[in-house]
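Undergrad: Here is how the chains run, residue by residue.
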Amino acid sequence: MGKSFSQPAALSTTHTHYCPGCTHGIVHRLVAEAIDDLGIREKTVGIAPVGCAVLAYNYFNCDFQEAAHGRAPAMATGIKRVRPDLMVFTYQGDGDLASIGMGEIIHAANRGEKFTTIFINNAIYGMTGGQMAPTTMPGQRATTAPMGRDTAETGMPIRMANLLGELVTPGYITRQAVLKPQQVNKAKKAIRQAFQYQLENRCFSFVEVVSTCPTNWGMTPVDALKWAEDTLLPYYELGDYKVPE
Amino acid sequence: MGKSFSQPAALSTTHTHYCPGCTHGIVHRLVAEAIDDLGIREKTVGIAPVGCAVLAYNYFNCDFQEAAHGRAPAMATGIKRVRPDLMVFTYQGDGDLASIGMGEIIHAANRGEKFTTIFINNAIYGMTGGQMAPTTMPGQRATTAPMGRDTAETGMPIRMANLLGELVTPGYITRQAVLKPQQVNKAKKAIRQAFQYQLENRCFSFVEVVSTCPTNWGMTPVDALKWAEDTLLPYYELGDYKVPE
Amino acid sequence: MQTEIKFAGFGGQGILLSAKLLAYAAMKQGSFVAWIPSYGPEMRGGTAYCTVVISDRLIGSPIIKNPTHLVAMNRPSLEKFEQDVKPGGIIFINSSLIPVQSQRTDVTQLVVPVNDIAIEAGSVRAANIVALSAFAAKSKLVDLALLKECVKEEFAAKPKIIPLNMDAFDRG
Amino acid sequence: MQTEIKFAGFGGQGILLSAKLLAYAAMKQGSFVAWIPSYGPEMRGGTAYCTVVISDRLIGSPIIKNPTHLVAMNRPSLEKFEQDVKPGGIIFINSSLIPVQSQRTDVTQLVVPVNDIAIEAGSVRAANIVALSAFAAKSKLVDLALLKECVKEEFAAKPKIIPLNMDAFDRG
Amino acid sequence: MAFQHIIDDERCKGCGLCVNFCPKNVLEITDKVNAKGHFPVHQARPEDCIKCSICCIMCPDVAITIVETQDA
Amino acid sequence: MAFQHIIDDERCKGCGLCVNFCPKNVLEITDKVNAKGHFPVHQARPEDCIKCSICCIMCPDVAITIVETQDA
Amino acid sequence: MAKVLMKGNEAIGEAAIRAGCKNYFAYPITPQSEVAEYLSKRLPEEGGVFLQGESEVAVGYMIFGAAGAGERVMTTSSSPGISLMSEALSYITAAQCPAVFVNIMRGGPGLGGILPSQGDYFQAVKGGGHGDYHLLVMAPDGVQEAVEMTMQAFTLAEKYRNPVMILGDGLIGQMMEPVEFPDDLKTEPTNKDDWATNGMAHRKSKKRNLVKSLFLDPAALNNNNLVLKAKYEQMKKEEVQYELYNADTDYQVLITSYGTMSRVCRTAIDLLKEQGIEVAMLRPKTLFPFPEKQVFDAAGKDSCKAVISIEMSMGQMVEDVERCVKGRRPVEFYGECGGEIPSPEKIIEIIKGLL
Amino acid sequence: MAKVLMKGNEAIGEAAIRAGCKNYFAYPITPQSEVAEYLSKRLPEEGGVFLQGESEVAVGYMIFGAAGAGERVMTTSSSPGISLMSEALSYITAAQCPAVFVNIMRGGPGLGGILPSQGDYFQAVKGGGHGDYHLLVMAPDGVQEAVEMTMQAFTLAEKYRNPVMILGDGLIGQMMEPVEFPDDLKTEPTNKDDWATNGMAHRKSKKRNLVKSLFLDPAALNNNNLVLKAKYEQMKKEEVQYELYNADTDYQVLITSYGTMSRVCRTAIDLLKEQGIEVAMLRPKTLFPFPEKQVFDAAGKDSCKAVISIEMSMGQMVEDVERCVKGRRPVEFYGECGGEIPSPEKIIEIIKGLL
Ligand SMILES: Cc1ncc(C[n+]2csc(CCOP(=O)(O)OP(=O)(O)O)c2C)c(N)n1
Ligand SMILES: Cc1ncc(C[n+]2csc(CCOP(=O)(O)OP(=O)(O)O)c2C)c(N)n1
Ligand code: SF4
Ligand code: SF4
Ligand code: SF4
Ligand code: SF4
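Chains as they are written, first to last, in this note's numbering: chain A, 1 to 245; chain B, 1 to 245; chain C, 1 to 172; chain D, 1 to 172; chain E, 1 to 72; chain F, 1 to 72; chain G, 1 to 355; chain H, 1 to 355.
Calculated directly from the structure, the hints in this document are not laboratory data.
Careful: at least some of the hints might be erroneous.
[Claimed, not checked] Simulated restraints, written as ranges between beta carbons of each label pair:
1) S205(H) - E153(D): 45 to 55 Å
2) Y235(A) - I50(E): 56 to 66 Å
3) P84(B) - P138(A): 17 to 27 Å
4) E10(F) - E153(D): 37 to 47 Å
5) P84(B) - S205(H): 21 to 31 Å
6) K273(H) - V33(F): 43 to 53 Å
7) P46(F) - E120(D): 30 to 40 Å
8) P87(C) - T231(B): 55 to 65 Å
For glycine and all other residues, C-beta sits at the position ideal for the given N, C-alpha and C.
Could you build the full structure based on these sequences and the hints that come with them?
TA: Structure below.
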């Protein structure tokens with residue numbers, strides 16, 4: 001039952017700065033594989049967020065722009081509108097997309113901008129040192145919620161895929177995870193599908209990926225996967241929230 | 001069957017600058033009546049938006065702050081957090097709340113801030129001269145959509161009450177209208193209820209009011225009511241989208 | 001040599017348009033022109049006004065306190081601006097809406113019931129054109145034939161109402 | 001008179017803490033002190049370092065290229081910084097992780113297998129305390145008893161590990 | 001007890017909403033301009049008025065009020 | 001045809017995800033540090049490896065590859 | 001091409017199209033919404049891109065994205081809207097992307113008013129955003145100049161790979177004047193293959209392009225700042241534009257003024273001349289780079305007793321004037337900034353007060 | 001109270017509490033996130049309000065709302081975050097609300113870097129937002145001064161009903177130094193009954209209060225600007241703070257420098273003195289109001305050959321220095337702004353180059 005496995009061409013060989021066991025790396029690979037599969041590397045422009053993935057432009061083998069915190073969807077809109085022939089994707093964390101970037105992602109999705117967003121939901125701010133994110137779970141500790149998130153003070157975690165699914169404009173909105181091999185394979189299909197819709201100029205496409213941040217969760221990478229499985233997945237249900245007719 | 005009717009005390013006697021037949025005036029009165037009913041005028045702080053209602057502070061008899069375009073919910077958060085004993089409400093148009101202010105309203109609602117938002121949905125930018133709003137209907141003409149809103153370019157109208165209803169944090173989210181007397185009476189109850197929930201420190205409360213803009217719709221006030229009834233209500237369904245347990 | 005004409009009246013009386021047409025004709029005659037609207041608060045209801053500057057050299061300050069002439073389409077505007085007009089200027093008075101005349105003796109008063117004339121011509125909405133042509137005829141600021149051309153051009157989009165306005169123009 | 005001590009090692013070796021404790025003790029002795037961490041890019045993995053400045057007057061530039069002493073907890077940091085140390089200074093070498101010594105002859109080398117000692121004391125995590133006390137003893141920058149007090153204070157929150165650290169301190 | 005139906009000419013902007021909703025067809029727009037340049041509404045058929053306050057409810061400018069009067 | 005299972009010591013950050021998911025318990029973390037200060041993984045029981053590529057799939061750093069080899 | 005009578009706002013929109021810019025993103029705000037309204041009709045005719053963004057913050061980044069992809073792009077706004085673009089302006093400049101920003105100033109601070117003002121000089125010239133950067137800032141004094149500067153702006157933005165700002169005011173936006181669109185101001189877009197993210201497939205070199213502003217290495221960041229600084233030094237050498245008015249006389253006072261305000265000063269100078277009083281004006285047409293040497297020289301003329309900066313503000317450009325005059329002459333200031341533009345009579349009174 | 005050893009960021013947080021400020025809204029950003037982290041623990045203990053806003057834009061208006069309601073409130077951020085508050089700063093100043101903003105500067109422009117910088121001088125001092133307004137800007141040179149200035153900031157903000165900005169840099173935020181919290185810097189909040197929206201019921205006078213910045217009438221808007229201007233003139237008279245170092249000597253060069261950079265200059269001056277070279281420094285502690293007259297005077301000393309402004313920027317404060325020196329002496333500049341702070345040795349080399 002052997003199968004070969006090698007580094008995708010759309011991924012550079014640079015070693016990433018991500019912490020050991022951080023799933024950012026897995027998702028990077030899945031995106032690169034989708035780009036390879038569709039043979040679109042030379043017409044793809046990626047947009048790096050401000051977050052741990054800010055250096056994503058070092059890890060992909062295609063044109064890249066680096067956005068300001070939260071504004072990647074607006075930049076993608078700018079690029080895609082003036083160059084509809086390019087393939088554009090944003091890669092954003094949950095502080096970036098769900099906190100400061102809420103307005104930009106909702107409006108881009110609602111206008112039906114023809115780009116793809118990969119949304120890494122790790123329930124925390126990684127790069128800046130573990131502050132609370134809109135996606136942080138009730139009771140989960142963060143450096144700005146030392147006693148754990150108090151929902152009476154800061155409300156319940158925001159489920160972006162559900163929220164975007166509520167918009168009337170057609171789009172592809174799905175939530176995936178990379179906590180175990182089967183999920184990784186499904187996530188890969190979803191990401192490929194998202195780019196496929198863009199290639200067909202069909203609609204806005206959005207793949208939320210439930211991920212881990214072992215460092216700021218203060219867990220081993222393996223424990224982080226388990227915690228995410230047990231704590232995040234029941235609240236962040238996997239599946240498609242919208243598919244274009 | 002006679003009943004008496006007089007000017008609410010929370011409303012100043014100043015003549016408004018609103019165009020003839022503009023329903024902003026009706027909603028102003030309903031808010032003032034709710035404030036009177038609950039006897040909270042002296043501890044109420046209103047927040048005026050940037051829009052036709054920017055001068056609202058001249059029309060109410062209570063403390064007022066004037067926000068920047070779209071930021072009223074952030075200001076309300078600031079006031080309510082440092083002075084929970086005050087009653088705080090924002091009064092916002094659809095450009096203000098649904099376009100530039102999308103991030104602020106969603107996060108305030110999601111944190112469950114204990115203030116009340118009155119949202120005037122008139123499907124257009126009034127003050128600046130009839131530009132397209134996120135709530136503008138498909139095909140509806142606007143000065144920045146001279147051929148009518150093209151949903152292929154700008155997507156479908158955003159239904160704020162539906163969107164906020166999707167958030168998990170408890171709240172009171174309802175959509176009302178003031179296009180005929182019965183609706184006005186229901187809207188009045190809803191607005192009173194919204195303030196009641198705040199008074200009980202229960203939750204965030206949000207009343208969307210489907211309104212008219214005869215001037216920028218290019219219709220007589222009476223025709224505007226009919227157009228809204230026929231065109232807006234089928235898409236913007238009236239009713240409660242969330243009520244706190 | 002520079003001439004300034006202030007047009008004033010209710011919003012909706014077509015003041016901005018008549019002013020624009022005058023400026024346009026003057027431009028075609030090779031003069032320097034500027035059309036300065038009043039925008040902002042005072043627009044909302046009440047009196048709207050607008051100034052046209054016609055000059056034989058580069059126009060400096062577009063801010064005109066004392067115009068050479070005034071075209072007053074309603075009473076408030078006459079009362080508001082009559083004192084500003086430079087001596088020797090023309091004050092045009094739409095007598096259909098302005099029962100009075102100006103107290104000033106150092107100016108020429110041109111009194112025309114433009115609404116009534118326009119109604120005869122077919123629609124009160126042409127009142128601004130009547131006023132324009134009447135004022136232009138008197139002030140001789142621009143060649144009438146040329147001005148008429150400009151009016152025609154302006155309404156090229158809505159051909160139906162051209163005759164109306166042409167008629168209105170001639171009556172002016 | 002001003003002394004600068006650079007602490008360097010892997011992130012996670014407790015360098016910032018030992019440096020802080022030294023600065024804290026010096027402060028209690030009435031000296032002017034500053035604790036300057038390295039933050040930013042170089043932090044992510046690799047070598048972390050931090051400088052303590054102890055002076056008898058207001059401290060000027062907190063930017064120290066050439067420290068008086070160096071406490072090197074791992075090999076990369078020794079190699080990276082040994083040349084910077086001022087002549088006559090002390091270079092502290094954690095021989096548990098650094099098999100080599102410095103080539104320099106114009107400095108005093110203090111070689112201590114702090115990890116091993118810490119392990120004897122009960123946990124490798126106390127290595128930084130061992131290093132601190134050993135260095136302090138040698139450099140005489142601060143009174144040892146006082147320093148020990150500071151260590152106790154620091155761990156007041158986690159009483160269990162106080163004895164461990166006290167023990168580590170004495171072994172240092 | 002009796003009620004009086006009062007229209008404030010200066011507040012009224014002549015939008016006609018009240019005219020449109022009056023169940024008794026009591027109201028009509030006048031042709032005399034007020035200070036703000038609007039044509040206010042007036043009670044054309046006051047005797048038909050049942051003081052139901054619907055006009056008040058729809059008036060955006062609180063131009064219509066109904067007050068209780070002592071004398072029947 | 002045959003496959004070869006290759007681990008890049010320098011890319012590996014020793015996170016152990018592969019170890020955790022390997023169905024055949026082939027992998028173990030070594031105790032020798034690499035240049036970046038990580039303890040890379042190695043094939044402790046290479047003979048058990050069925051080249052299912054699950055480790056590759058879970059590796060965040062593309063440190064494991066499986067290449068097809070000519071010789072069986 | 002024949003003269004046409006146009007509103008400043010519409011003329012600016014048309015000028016962009018004539019300059020070869022087919023991409024426009026903006027958010028409505030008085031007194032410049034007519035630019036968007038005009039382009040929402042015109043651009044589709046031209047096969048161009050018109051999009052009303054959800055906010056000025058978003059628009060700033062739509063511009064960044066489009067510019068980074070190598071296309072000519074413009075936005076227009078007014079004072080508060082420009083404040084919301086501060087971060088984007090800093091980013092776009094740091095990433096060295098060409099783009100054109102138009103600010104039709106209104107009264108401030110805060111919501112202020114919607115009438116003409118010049119209260120955003122500091123913001124435009126010193127940089128409203130964070131970090132060491134400058135915009136190339138041009139200030140038209142009428143509709144024709146607004147057209148010409150808008151057209152030049154695209155060429156300059158690409159020459160320097162730096163955003164250019166047109167700093168107008170509500171009067172210039174709302175007023176109608178005759179305009180011509182000089183064909184010779186239309187230039188071919190520069191080749192952006194060596195830096196823009198226009199798609200590797202499009203380029204000979206298959207190396208990828210990055211548009212970014214993050215430089216974690218201090219040396220690299222400092223170097224990026226030196227690169228920017230070098231561009232600003234070059235602008236100071238090559239791009240300074242200004243106009244001297246009545247300066248060949250033995251003027252007693254030198255006025256510095258720009259934009260709408262300078263037109264009023266021009267009239268005041270003419271009227272003073274009739275009264276036998278000679279006053280000159282130096283009108284910066286580029287606010288950055290500022291005509292530093294020219295102000296120094298003009299102030300130094302023997303007949304000149306004083307310099308006065310006249311602005312529709314509480315005193316902003318006057319600081320640059322003071323800096324350049326280097327104490328040679330006393331530097332005075334007069335300004336109003338409610339929206340009421342000071343009249344020639346007022347200016348004359350002020351000037352006479354200096355004699 | 002005994003000295004404690006604290007990080008600048010934490011000390012600033014504690015200082016706010018000691019000054020009687022119990023309300024803090026902020027959004028995380030390196031290198032100042034420790035302020036938020038510290039206060040997220042401390043404020044609940046004090047019964048105060050800690051809230052992480054969704055963005056700096058929102059935080060700016062949370063501050064506006066809280067300040068408008070009459071409560072003491074503070075936020076902290078770093079360069080890009082401050083750019084996003086530009087509009088709010090303009091609004092808050094226009095509406096005359098007191099509030100304290102702390103900018104722990106990092107390298108820019110754009111995303112730049114996270115190391116110390118002084119690239120936001122223009123933004124802080126000239127006003128990053130639109131319209132005619134100023135912040136009162138204080139620049140500490142260490143942790144103790146950061147504490148004292150933060151404490152004074154609340155008093156000054158209320159005295160002038162104007163926002164005060166503490167302009168620090170990453171080093172001051174990250175460094176630990178011994179600090180004391182002077183009790184005498186804690187003041188009672190001023191009575192805000194005559195303007196704040198603190199609820200009519202709370203006030204004797206039952207007239208309602210409005211917090212706003214819209215003035216549609218030009219005269220009213222101009223007047224609001226004159227009110228603000230009058231406050232800035234008063235600040236120039238009453239609030240200028242600065243330090244002269246080694247100025248009682250016959251110095252050959254005058255350095256102007258502030259914040260972290262000034263500490264390096266101080267060491268350079270000491271070392272030069274040992275070499276028999278006298279150099280003085282004027283360190284503005286308030287950047288606005290700027291010590292204008294003091295710079296003019298210090299530059300004029302006979303022994304002084306040149307003035308040099310040394311900054312962690314590409315040259316910003318130097319423009320104010322030039323303006324104030326009025327041509328009395330040549331004004332030079334040296335700066336780096338990648339995050340690497342220039343060493344005393346480098347400064348010495350630069351200074352010697354001037355002799
Ligand atoms: C305007 C602005 N605000 C704040 C920051 C600081 N900042 C950088 S990354 C980040 C959040 C990162 O968290 P997330 O988006 O969840 O991505 P992750 O690091 O978890 O992958 C913040 C707040 C910034 N760079 N710019
Ligand atoms: C930052 C900023 N952007 C834009 C504007 C201009 N502006 C004022 S009101 C308005 C929209 C008003 O429309 P809406 O919110 O729907 O309220 P309405 O007038 O319809 O009641 C806009 C865009 C502004 N004042 N500030
Ligand atoms: S413009 Fe529209 S919304 Fe505004 S007052 Fe007039 S009718 Fe009402
Ligand atoms: S009260 Fe009723 S009946 Fe009387 S006028 Fe009003 S709507 Fe008509
Ligand atoms: S290929 Fe499969 S069997 Fe082999 S090591 Fe990887 S996971 Fe284990
Ligand atoms: S998953 Fe990859 S990085 Fe992690 S231990 Fe295995 S090979 Fe190394």
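Undergrad: Confirm or reject the claim that P87(C) and T231(B) have a C-beta distance inside 55 to 65 Å.
TA: holds (57 Å)
Undergrad: Falls inside 21 to 31 Å, the C-beta gap from P84(B) to S205(H)?
TA: Roughly 24 Å apart at Cβ, these two residues keep to the hinted range, so it holds.
Undergrad: Can you let me know if the beta-carbon spacing of S205(H) and E153(D) is within 45 to 55 Å?
TA: holds (53 Å)
Undergrad: Between the beta carbons of Y235(A) and I50(E), is the distance compatible with 56 to 66 Å?
TA: Given range 56 to 66 Å: holds, Cβ gap about 57 Å.
Undergrad: For the hint 43 to 53 Å, verify it against the beta carbon of K273(H) and that of V33(F).
TA: holds (49 Å)
Undergrad: Evaluate the given range 37 to 47 Å for the C-beta pair formed by E10(F) and E153(D).
TA: holds (43 Å)
Undergrad: Tell me if the beta carbons of P46(F) and E120(D) are separated by a distance inside 30 to 40 Å.
TA: Check passed, 38 Å falls within 30 to 40 Å.
Undergrad: Determine whether the Cβ-Cβ distance between P84(B) and P138(A) falls within the hinted range of 17 to 27 Å.
TA: holds (22 Å)
The structure meets every hint from the earlier list without exception.
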